[in-house]
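Using the sequences and the hints given, assemble the complete structure.
Protein chains: 2
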Amino acid sequence: MKIPRATAKRLPMYYRYLSGLHDAKVKRISSSMFADAVQVDSATIRRDLSYFGALGKRGYGYDVDNLLEFFKKILNQDHLTNVALVGLGNLGQALLNFNFHKDSNVRISAAFDIHEHMINTVQSGVPVYDVKYLKKQLSEQQIDVVILTVPTGVAQQICDQAISGGAKGIMNFTSKRLSAPANVRVQNVDLTNELQTLIYFIEHYDN
Amino acid sequence: MKIPRATAKRLPMYYRYLSGLHDAKVKRISSSMFADAVQVDSATIRRDLSYFGALGKRGYGYDVDNLLEFFKKILNQDHLTNVALVGLGNLGQALLNFNFHKDSNVRISAAFDIHEHMINTVQSGVPVYDVKYLKKQLSEQQIDVVILTVPTGVAQQICDQAISGGAKGIMNFTSKRLSAPANVRVQNVDLTNELQTLIYFIEHYDN
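Here the protein sequences come in this chain order: A and B. Going by UniProt numbering, the first sequence opens with residue 1, and the numbers climb by one from there. Going by UniProt numbering, the second sequence opens with residue 1, and the numbers climb by one from there.
Keep in mind the hints are simulated off the structure, nothing from the lab. It should be emphasised that the depicted structure is a prediction, and the values quoted were computed from it without experimental measurement. Heads up, a few of these hints could be off.
As the list claims (entries may be wrong) - Think about it this way: if two alpha-carbon atoms lie no more than 25 Å apart in a straight line, the pair counts; the simulated DMTMM-like pairs of lysine to aspartate or glutamate are:
1) B/K57 with B/D36
2) A/K9 with A/E194
3) B/K135 with A/E203
4) B/K73 with A/D190
5) B/K73 with A/E203
6) B/K9 with A/E194
7) B/K9 with A/D48
8) B/K72 with B/D48
9) A/K9 with B/E203
10) B/K72 with A/E203
11) A/K9 with A/D23
12) A/K25 with A/D65
13) A/K72 with B/E194
14) A/K73 with B/E194
15) A/K9 with B/D48
16) A/K9 with A/D65
17) B/K73 with A/E194
18) A/K72 with A/D48
19) A/K9 with B/E194
20) B/K72 with A/E194
21) A/K73 with B/D190
22) A/K72 with A/D23
23) B/K136 with A/E203
24) A/K135 with B/E203
25) B/K132 with B/E116
26) B/K73 with B/D23
27) B/K57 with B/D41
28) A/K9 with B/D190
29) B/K57 with B/D23
30) B/K72 with A/D190
31) A/K73 with B/E203
32) A/K27 with A/D65
33) B/K9 with A/D41
34) B/K9 with A/D190
35) A/K135 with B/E194
Claimed, not checked - A short list of chain B residues far from chain A (calculated; beta carbon distances all over 12 Å):
36) S30
37) R58
38) G61
39) I119
40) Y133
For every residue, glycine included, the Cβ atom is placed at its ideal position computed from N, Cα and C.
The structure is reproduced here in C-alpha cells:
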C-alpha cells in the first residue's frame, strides 16, 4: 500500500501521542482533542487514517487501544528494529546515549568508528566495531538501517560500504547529499539546514 | 516576499554546496552539475531560484560567486545569528559541541540548564545559565531563536518562558507538540520520528 510521504511522516507522531494516552489509561479520544494535541487539523488526521481504512466513529471519536494496536503494526512497533550508527563524534555519541525513545522499538545495536580507543569497546551498552568491518558486520548482523554521523568528506564512501553490506535505509546527518541506488532510501537530517531555515522564516515571514 | 516552504528549506543546502565550490575556486557551474550535486532536479532548482529573479544564463549556467553573495544575503549569512540552547542532556551537549557548521554564521551563544553543577560554568565555550533566568537572559541578550532539548514533560512550560522572553523561533527536539502563538515559528526535529519514518518506508516501499 502506497500512502503519501506527508502522511507517513505523521504516523510516528500519532503513535507516540496514542502511547501517552494509553499509559494514562485514556480509553477514547475525540477527533478534535486528537487534532489539538498533535497540532494537525482534524480533516488531515481523518484523511491520514482513511488510507488504512476508516478508524474513527462519528460522535464517538477514536478508541485509543484499537488505534494503538493498529499503529504498532503499521510502524512495526511490534518487533524490534536494529540500527547501526557510524561515526562516534559528538553527535554520534549523543545519539548513542539517546538511543531513541524507549517506546519506539528502534535500537542502535552496533556502532562503528575509526579511532583505536573506541574500537572493541562498549559505549552506552553498544559494541563499537572498526569501521573497516562495516560491510561485513551489517551483513552478518542483518542490519539494514544505518545512521551516518561521519565527517562530510567520507560520507559517500561510508554510504557505499553500508549499501554493499545490505543497508536499505540511510539516515544522513552529514551535509553531504549522498548518491544511492533507487532501492535505498536516504533520509537527510541536516541540523544546520533546519536551523537556518527557521531563522530565514523568522526574518522573512510574519507567519 | 513569500516563497514556498519547500523552496526555503532547500536554500541552506544550495548555499552550502556553493560555499564548497567557492572554496574549491570553481567559478561557474552548469545547471545539470548543480542538480546532480544537490540531488534536486534542475527544473526545481530553476524554479526555486526564479522566486528571487532569474539568476542563471542559458548555456552558461550559474556564476558561483554571484550566486553565493546572493544566498548569503538571503540566508543572513552576512550577519551572525545568536541562538540559545535549553537543556544540556546528551543531545543538548552534542549540539553545543557541534555548534553548527563553521560556515553557517549561526552560533549558540547562551545555554540553560537546571543542574547546579552546570549553572555558571562555560561548556564548549558557551556560558550556562540557570533556566529560571531564561526569560530575562533572552530578553537582555536579544536572542530570538531557541533550541529546546529538554525533557518532554517540561517542554511546553520552557517554550512559554522563551516566548515571553521574546523568542520568535523554536527548534523543538522534544517529541512534545508545542502550542505557540501564530507569530512564533516552531520547527520540529523529532529524531525518533525521522528514524521510524525511514524504517516504515523501507519496509513498505520498494522506492
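Would you check the hint for B/K57 and B/D23, treating anything up to 25 Å between C-alpha atoms as holding?
22 Å, holds
Under the criterion that the straight-line Cα-Cα distance not exceed 25 Å, is the pair B/K73, A/E203 satisfied?
It holds: about 12 Å lies between the C-alpha atoms, which stays within 25 Å.
Hey, is B/G61 genuinely clear of chain A, shortest beta carbon separation above 12 Å?
Holds, because the least Cβ-Cβ distance between B/G61 and chain A comes to about 18 Å, which exceeds 12 Å.
A cut-off of 12 Å on Cβ-Cβ distance, and B/I119 was said to be off the interface with chain A. Does that hold?
21 Å, holds
Straight-line Cα separation of B/K9 and A/D190 no greater than 25 Å?
10 Å, holds
Assess, step by step, whether the Cα of A/K9 is no farther than 25 Å from the Cα of B/D48, and give holds or violated.
Status holds; Cα separation ~24 Å.
Restraint check for A/K72 with A/D48, where alpha carbons must lie at most 25 Å apart
16 Å, holds
Does the alpha-carbon distance linking B/K136 and A/E203 stay inside the 25 Å limit?
22 Å, holds
Taking only the CA atoms, is the gap from A/K135 to B/E203 under or equal to 25 Å?
Since the Cα atoms of A/K135 and B/E203 sit roughly 21 Å apart, the hinted pair holds (cutoff 25 Å).
Check whether the Cα positions of A/K73 and B/E203 lie no farther apart than 25 Å.
Satisfied, since the Cα-Cα distance of roughly 12 Å is no more than 25 Å.
Take the C-alpha atoms of B/K9 and A/D41, compute the straight-line distance between them, and say whether it is at most 25 Å.
23 Å, holds
Just to be careful, I want the Cα atoms of A/K72 and A/D23 compared with a cutoff of 25 Å; is the pair within it?
15 Å, holds
Comparing the model with each earlier hint shows no violations; every hint is respected.
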